[in-house]
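What follows is the residue order along each chain.
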Amino acid sequence: MSFSALVANETKLQVYEMKQYWFETVSSLVMMCAVFAGLFYGVKSFTTPGDGATSLDGLVFGFLLWIFALSAYSSITKSLVEDNQKGFLEQLFLCPQGITQLMLARALVEMLWSMVFVTLLAWITMALTGNWIDLNFFYFYLLMFISSLSLIGLGFIVCGLALNFKKVGTVAALFNIAFMGLVAIDALPLNVFTLLPFTAGASLSRDILLQNEPLNLTHLAIVATNSVVYLTVGIYLFRRLVKRAKRLNLIGQY
Amino acid sequence: MLSVSQLGKSYGDQQALQDVSFELAPGERVALLGANGSGKTTTINSICRLLEWQQGTICFEQQDITKSTDYMRHIGAVLGGCRNVNWRLTASQNAEYFARLHGTSKKQALKTITKLEEQLGLAQYAKREVGKLSTGNKQKAALLSALAHQPKLLLLDEPTLGLDSQTVDELQNIIIEQSNRLNQGFLITSHDMAFIEKICTRVIVLDKGKVIYSGDITALKEQLYHFEMRLTLSQPDNARLNGHLEELWPNHAQLSSEDDQIIVQYDSPEQAFATVNWLAQQAIIPLDLSINPLSVETAYRTLLSREVNP
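Residue numbers (numbering that gives the first Met the number 0), protein chains in the order written: chain R, 0 to 253; chain D, 0 to 309.
Just so you know, these hints were derived from the structure itself, not from any lab.
Heads up, a few of these hints could be off.
[Claimed, not checked] Covered stretches of chain R, as calculated for chain D (at least 3 residues, CB under 8 angstroms): (1) 12-23; (2) 26-35; (3) 90-97.
Predicted, not measured: the structure shown is a model, and the values here were computed from it.
Beta carbons: idealized from backbone N, C-alpha and C, even for Gly.
Turn these sequences into a full structure, and let the hints guide you.
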């Protein structure tokens, strides 16, 4: 089975689950919008008329970045931890292409869904708040796609830990909060924060989409390098942790 | 088709598997028996490559499974009972997902699934998520997923766990039909000896990670005791009989006691005559005496206890 066929199979699985649990799908979108509206009006009440527009644009954009970062990271962690609890993880390990490829296919599908979800969320939140940002979605998704590979790498590490130590809820929760910081940090031009995952991508997309700056190829190379390094290290550690779990007979024992 | 050779696995000082060797031919249904902790699941997990072993090799169609890229396409497994499928999907959605994952074309997968759903009696629940099915039907859904890509080798770990007798019968028929028609090999672990006796032609008995018997199920039964005499006597008579037991049961028999009962397991009905005669001669009237044929399950337990006290 080719990688594209794996992706198609995972897409079908997602469609089945979303259709079966349509209420959960719709309610999560409604809840996200409600959380954002609360945040938006909270910030609006604190801003002065002079700096209001910039702060609110930043908030809308930051929120979208955070949602995307969260989806990318949880694309594999959520499914692997849940499947582990459900006891259906062993079956995924029987996948002829190997668990890493399967997880990569799953992450890609989740990211594609996230793009649809975030676009929808962006329009709803902007309409709800009346704060329209002229977002170039092509650039936004291109940059998000490249930079979120680093978060998938991070997700692989957490998955490997979950296979070995089972309960990693605290680590996962910690990351959810940490992402708020990661999307807000200014990591370009090159500084110590550039070494963190996703930060350079978030900064570059802010520069291009909010500040209307032209695309800086050096910055794009930094984002791509950051992603490749995190993804490679993530996959390497995941494989080591899978090996350890197999050695200690921990796969599927929840 | 499958060849397990001198498989060994340990966790620190604890030896989980020791020199486990056996073979399984296409179309063969083999049972892997043993008490809890005997190494059955460790063996199955090794064959599924869910764990790493330290010694030995496992080959499938003459190829080392750790080096074969194609191996996983040819195996199907139900591990840990009905938890093996996604409870949020229907049985056929699960089966389709796993069949596609193993490289089966959509057309072929749907054709197989429709047929198997009918056979398994799952067609009537086609629109219901697995989580809303009964335990028996969940187990069938797991089997459907394992069979959907028509693997050459099926590994079933405790497939009858929590099933009623009718469902067990249906399961037996499906396994027999599948292996006969498609020449699929089945390696089954179970505590349900009646189930094993009906469907398996060969058994492998594990004890403390070692193979203590491997062969024909009929040959195994011949090695086992077939009858059991239970005697309850008053305390002084009990002591008198105990003194003569070795003399009364000189040959193939196993003696033990439990709750003031003397238990003798033996091969043929006439062997009981000597003891009954002796009791009559001594004018001892037993408080209770019963002679019963041994079930395969009890007989198999005696095999395990013989390993402990040879």
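Evaluated hints:
Counting residues of the segment 12-23 of chain R whose CB falls under 8 angstroms from any CB of chain D gives 5; the rule of at least 3 is met. Coverage of the segment 26-35 of chain R by chain D is violated in this model, with 0 residues showing a Cβ closer than 8 angstroms to a Cβ of that chain against a need of three. Here's how the segment 90-97 of chain R fares: 5 of its residues keep a CB closer than 8 angstroms to some CB of chain D, so the rule of at least three is met and the hint holds.
Of the numbered hints stated above, the single one contradicted by the structure is hint 2.
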